[in-house]
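2 protein chains.
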Amino acid sequence: MSKKLTKRSEDYSKWYNELVVKAGLAENSGIRGMMVIKPYGYAIWEKMQAQLDKMFKETGHQNAYFPLLIPKSYFSKEAKHVDGFAKEAAVVTHYRLRATADGKSVEVDPTAKLEEELIIRPTSETIIWDTYKRWIQSYRDLPLLVNQWANVMRWEMRTRLFLRTAEFLWQEGHTAHATRQEAVAEAEQMLHVYGDFAENFMAMPVIKGVKSETERFAGAEDTYTIEALMQDGKALQSGTSHFLGQNFAKAFDVKFLSKEGKLEYVWATSWGVSTRLMGALIMTHSDDHGLVLPPKLAPIQVVIIPIYRKEEQLKAITAKVDTIVNQLKAKGISVKYDDSDNYKPGWKFNEYELKGVPVRLAVGPRDLENGTVEVARRDTLTKEIVPMAGLDVYIENLLNQIQENLFEKARSYRDTHITKVDDFEEFKAVLDQKGGFVSAHWDGTPETEEKIKDLTKATIRCIPLDNPLEEGKDMLTGKPSKQRVLFAKSY
Amino acid sequence: MSKKLTKRSEDYSKWYNELVVKAGLAENSGIRGMMVIKPYGYAIWEKMQAQLDKMFKETGHQNAYFPLLIPKSYFSKEAKHVDGFAKEAAVVTHYRLRATADGKSVEVDPTAKLEEELIIRPTSETIIWDTYKRWIQSYRDLPLLVNQWANVMRWEMRTRLFLRTAEFLWQEGHTAHATRQEAVAEAEQMLHVYGDFAENFMAMPVIKGVKSETERFAGAEDTYTIEALMQDGKALQSGTSHFLGQNFAKAFDVKFLSKEGKLEYVWATSWGVSTRLMGALIMTHSDDHGLVLPPKLAPIQVVIIPIYRKEEQLKAITAKVDTIVNQLKAKGISVKYDDSDNYKPGWKFNEYELKGVPVRLAVGPRDLENGTVEVARRDTLTKEIVPMAGLDVYIENLLNQIQENLFEKARSYRDTHITKVDDFEEFKAVLDQKGGFVSAHWDGTPETEEKIKDLTKATIRCIPLDNPLEEGKDMLTGKPSKQRVLFAKSY
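Quick mapping for you: the protein sequence lines, in order, are chains U and B. Heads up: the first sequence is residues 446 to 936, going by the working numbering. Heads up: the second sequence is residues 446 to 936, going by the working numbering.
Source of the hints: derived by calculation from the structure; they are not laboratory data. Just to be clear, a hint being listed does not mean it is correct.
No copy labels: a pair is met if it fits in one copy or bridges any two.
[Claimed, not checked] Quick list of in silico lysine-lysine cross-link-like pairs, BS3-like style, CA-CA up to 25 Å:
1. K934 to K873
2. K800 to K776
3. K525 to K896
4. K499 to K741
5. K741 to K502
Please take these sequences and the hints and turn them into a complete structure.
Spelled out as structure tokens, the structure:
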């Protein structure tokens, strides 16, 4: 398979798909809409998981695990939730197979039909609130701060690796509180945790905001979101945190005895990010040479490649490299010395470039003589000759610089792609030609939102949290508006 | 809910179920055979996962993720595998629900029927070897050392929390090799990793051995197992590692070009442990007071409880305890200071005893005066007054002692419950009265094995790896035998 990627400028979507496969991140399985996450892709996801899990625990959450299969009837208990989640779902109807008459294969045993069909969880509010009914009696049981790492299934018709797959991996936090205020604070806190993770670890700038009613999670009173901007000018919803009010407590009859001795319904939140973040990470930083990874999420931060002709040269290089490896490891830097003789240095250079390893060191006989190393940065594709003395400190600083540089580059792109617009023709022109977020007045009605979506494919990505109030007129209907909102075409 | 447990001597099975629920480890969900793993139980599982994952990575394995749903036809490709795994399975037949005519609930949409039914994975050999066909072309692609952490589903008729549930969590390693020898070495290596984990982390002695043909994994040429003994004298298969020969490579047509330029079928292994280990851990060490945890897997290793009447006493105690907490944390010991005023000390003592926290410290005003602490061990239920000076070192040693003591206690129980028997009447008597492993001669035929199972419910747990050869006669048939094997009743 050729390692050359289609250029982003030629076909962004094709570039993305090729990159995901060729960099060893994921591939389509033989089963419609379901992907295989390959070892290198999974290693990145593990780094994301580890960091997020740490942040969840630091904010007082514990992990637990709830059943994969949810009885069909659970979905009908929350009126909006059923419309949002019980439609395109994988349905288990039988629990046994039997040999076919010819003995050559298996078929569904019609006598093993479930009394009630089970749905593979598309999200777990219903099964979790069914459980919380048993766990919550008194204010002493609150708050209940639980997270689950799990696979979920939504029968998507058009799928793309990481961005939209029938099965995906995610975490879903589900918390229960004694007061509205506390639940809202929790939903906001988790939004900030997501924002912090996106910006400081993924080096991906995000806009924090609230969704319009139309774009809200089915069953939520408010949905908070972090929205990122991809290099093709499309927005990507990267994480959501929902204030669920008392909707699920009422649907599953979960009440608690308050300090004052009253029986009250419990307040709820839920929040999640998924393997979709892998798509966001890839599309935020990568280039026509392949993946570009922020050092904080790179499974391999530094790769070292020996350049030699004779076996004795390799020995001398390896002796020196061993010292470098130990120094870097002592600083907590993950480093790989690739001395395999299966491939030539040029092949290896391309391979690690494709895989987005942030820093590449090359060491040859001349470097040994001069006490130097060639240091190549993946983000800028620049090279430098650097003295071996003090190399560990140099690399440590360089990794920090790369992390910052990636964030700044992405932020600068994002910032120059937020366009204020007051006229609908201009709105359409900006969406088509420049892309990115468009900040425009909206009259606040779902009808207008729908009309704009029909005419342009753009949706309201969010109403930013720190949005200034500003008198204006809806660009389409001319009706009065109190603030601008952010529109964009999106994934 | 009363915290008092049924005694083991009264009803071992009831004791187990009560302990699992009351200690906050797991509970039955509303869905048949599926459990909810509660936060405290999940925290123990996470410690197991972290340690196992570390050991897998140290032996060169990488994690990946494969689809949850497997097309029915994949199972028919390996003749034995289909019998073992494609029977009691959850079958997805539809991918959409629709509103019922009255609009009040949802029903399966008959037009959304899958062309081919999908099975929720009971184990992933088939989907993984379908994938490996794309990944393996040449000897350069081998060995392929992959592990997956995942949920799996087997439609068990009789379920018990952790020990046998329809859905369970596990890891499954799937490796591909160029030679038989290398694959056998891998299967054996992973058996030793499991044994090491069981003995050094779970403090659970295990016998390593090979399964008889009857008890082999469906599709394996050899199944290696670690077998533990529970306090009721029943054996528990705790982990298995399979040498799969070329069976799956042939079923999925996975060949590689060898160094010599020949096309050959790939050799395979698979190996797994599951949340069943939670059941093994509980039943190996716990007592009538509740859970007993080996320190290495305890989410909380030390709990500190203040004993006070007045608020100012609590303040003075807390000031001292803060120092202790910091000293213990500096040694990597996980410690919880429970100064909540919701419950009295006596309630807390019982609670942490039930939850198996290895060491409990109590600090009262008199301790402050004397510069002492009361230290209670969960394993022996003994108490001691210990000087605060040097407490961190004392606790560190104590945790090691507890870890060792639990292992020695379990080993001594296990060793006194391996009984050599040469007569079938004695065999039955030992099984019924003493329990444990019975070491007896067997003529090597599946027929005799089956007969013994029918007559006694005992099965061959394994042929130990280091089994000495010894001439003898099968205790039932009198036919010649070359070695003793281990029988037991089992979970």
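These are the hints, each one checked on the structure:
no., hint, result
1, K934 to K873, "within (11 Å within a copy, 74 Å between copies)"
2, K800 to K776, "within (23 Å within a copy, 38 Å between copies)"
3, K525 to K896, "within (22 Å within a copy, 58 Å between copies)"
4, K499 to K741, "both (14 Å within a copy, 20 Å between copies)"
5, K741 to K502, "both (19 Å within a copy, 20 Å between copies)"
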